[in-house]
Structure formats: structure tokens, C-alpha cells
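Residue numbers (our numbering), protein chains in the order written: chain U, 1 to 209; chain B, 1 to 197.
I should point out that these hints are in silico values taken from the structure, not numbers from a laboratory. Idealized CB from N, CA, C, for every residue including glycine. Among the hints, erroneous ones may be present.
Stated by the list, open to error - Covered by chain B, per the in silico footprint, the following chain U stretches (three or more residues, Cβ under 8 Å):
no.	segment
1	5-13
2	16-27
3	145-158
Said to hold, decoys possible - From chain B, some residues computed to sit far from chain U (all C-beta separations above 10 Å):
no.	residue
4	Ala19
5	Gly75
6	Ala78
7	Met177
8	Leu197
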Amino acid sequence: MVDGIHDLGGMQGFGPVGHSPAEPAFHDRWEAVARALLVVVGNAVDVSGGEFRHSIERMDPGHYLTSSYYEHWLTAAATLAIEHGLVTRSELEARAGGRFPLSGPVLAPLVTDPGPDVDEPRFGVGDRVRVREWHPAGHTRCPRYVRGKAGVVVRMDGIYSVPDVEAHGSARRHEPTYSVRFDAADLWRDGQHGVSVHVDLWDSYLERS
Amino acid sequence: MSTGGHHPAPVSPVEQRVAALEALLAERGLVPEGFIEEITRRYESEIGPMNGAQVVARAWVDPGYRQRLLAEGTGAIAELGFGGAEGGHMVVVENTAAVHNVIVCTLCSCYPWPVLGLPPAWYKDPAYRARMVREPRVVLAEMGCPLRDDVEIRVWDSSAEVRYLVLPQRPPGTEDMPEAELAGLVTRDSMIGVARL
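Same shape as in the complex, but just chain U (with noise of 0.2 Å):
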């Protein structure tokens, strides 16, 4: 799961931004909903920002492709009501009158050991550090296209607890975070000048280089 349809950096093929300068907040009252009842859940039942990006990064790929971001959080929504037991699928989908599609299962264990705190950052200003090269089971916030590929640290950003860990479980791991900075030309292997890509990353996702 973690090399979900969700991670979506240098993927190909989407074609133009559809941007627009001006955009309300909510386009339509169920989009104001959708965000207010994820707030609802998410108090009711104590779900970390690790637990609640991997319900929606769990949702079936077509989808989320094809859905907007707010009935992204509505899915997430009613999958966490349903798997912290607020309500049930059946419920849902009678009161909604149809199929209602949630996201797919969570496929890693639960955390029980998270290992020691760390407390002491590894890396300093202007080390050269390498992205691990792994793909675990569960939510990671360590981007795919980031995966074995040597920046540079440019700010450490204190310590905070490791989404890998809180995704799954009340146990939790608190690390150092570090930006670090990519020539986009060594990302990508097509020789553009003068751009670089900087990815904000947790100490365990980084080796020294």
C-alpha cells in the first residue's frame, strides 16, 4: 500500500493543471459537509494524521483518480467510522440508497514495538544523506521518487513522531525531520539546469551518502 495511487510525484501522462485563479472554498454544501464530518470522526474516535492520510491512500486507485479531493475525505470518513465501529457499511449504504465506496484494507501489521525515540539529530546542515531504498507495507511519508537518491540536508525541523509508526496503532516514535534538497537533474535523468526538488523527511528514511 505504501506504493499507492496516492504518491503521485514525476508520474506521466496527466496533461495540463486545470487551474483556475479564483476558486471558492467549497464549490457545493456537500464538500463543507464532507470536510466538517472528517472533523467529527476524527474527534470521536482519536485518529492521527498518519491513520487518517493512509484511509484515503487505501482508496481503490481508479477512484481516487477519478474522484475529487472532498469525496476523498468523505471515503476516508466513512472508513474510519466504520472500522472504529460509529456505524456500520450496511447502514450507509441503506441510508444512501446505493453502493458506497470505501478504501481497501489496511495490509501492514500494527506497531507494537516502535523502537526508542531519537532524540539527537544524525544529520547536520550540508550532509550529504541517501533515501533509503525499501517499500514497506504501511503509510510512509518518504515519497517514491525520492526512494535511493542522494540530496543534501538544508534545515533540520525538530522532532516530531514518525507517521510510519502512528498509521498503525497508539504506539508512537519521535525523530528528527530534515529537508533535503535533490538536483532535480539526478531525479530525473534529463539534464534540466537550475531546478532543485526539496523533500521534507524523517531521520529513519535517510542514510549518510
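Based on the hints, put chain B in the right spot on chain U.
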């Protein structure tokens, strides 16, 4: 029911699904009275790019503030009364004649809510998220922001806890303009980095 031949707009499947979840959660006492209206009101009228525009205008007229904003964004933004969810760890990146910054979230829709409000639909769409890290010069030109080849582009993927705000360059010819009027020039697109002023 209307009897005058005016039929209500048909309810779409997604609206039916939203209504179903809303009704079931409300029956369980989980939706406080007025909660949905309050969230809607706040994001439609209180939290939006007009907040970020005030931050930018202040940085243009007050060099000390600009310095604080670039050194420690969260605290400087809080000086103007803005902060909270998705704005607790702010980094402000400055555009110059030689450097252009642009923000994206390739994995989801991370965005600095307190200063820019909720993200526009295109920011969350696959085309923007997929392409901005791969061919930003092309995408920016397509979006009406062509850059000379010698302008360095820095893309910031909001993949952890930091949220970014672009400090656009002050437009030429605005030296005598008061701060409030300057704020009126600052667009959402310029603070995401898909436009220059």
C-alpha cells in the same frame, strides 16, 4: 413539494453518501449543533489568502519583520494573529530576481491553512502533484508564469510537518503604496509560487 413545475436539482450519488454519513453520525449525537455551518463560515470568510497577503505586505514595508519572517516563520506570522492547524511549523521562502520558489504536496494536500485557507482544487489534483516536481519550468509556463532559463527554481514538497509560504517579490512602482493597498495586490497564486506579481 413544489407544484409549479419547478423540480429540485437531482441529488448526486456523492451528495447522497454525504447525507447518509451525516445523518448516522448526527443520530449518534456526534455532530454538535451548528458545527458544519461554523466550519463552512470560518473557511469561507475568516481563513483564506487575505491573511497571507497581510503577512506579505508587512514584510514588504518592514525590513525587521521580513527578517523575522524568513528566520522564524511561525512566530512572525503569529505576530499578525494567524496560526493553528496546518500552520504550526511555518517556513517562508523568498522569491528574488534570481530564485523562484513553488510549493506542492505530492502525497496528499498539505497546505498552510491559517495564511492561505483551504487549497484550491487544482493544487490537490494529480496533474499538479505529479508534474510540479518533475518539470516545474514547463508547468509554471503553462500556468502563465514563464521564467527565464537563468532563474533558479526551488520546489518545496510538503511531505512532513512544515508548511510553506512563498514571499513574492514586491512589484515595481509600488514604493509609495500604503501597506493595506499593497496587501490587495498579493494573490493566492503568488504565495503558492505559480505566479509572479
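Tested hints:
1. 5-13: Three-residue rule met by the segment 5-13 of chain U, so holds; n is 7.
2. 16-27: It holds, with 11 qualifying residues against the three required.
3. 145-158: With 4 residues closer than 8 Å to chain B, the segment 145-158 of chain U meets the three-residue bar; holds.
4. Ala19: Incorrect as stated: the minimum Cβ-Cβ distance to chain U is 7 Å, not above 10 Å.
5. Gly75: 14 Å, holds
6. Ala78: Consistent with the label, Ala78 of chain B stays out of reach of chain U, its closest Cβ about 16 Å off (over 10 Å).
7. Met177: The claim holds: Met177 of chain B sits with its nearest Cβ about 21 Å from chain U, beyond 10 Å.
8. Leu197: 12 Å, holds
In summary, the structure is inconsistent with hint 4 from the numbered list given earlier, while agreeing with all the others.
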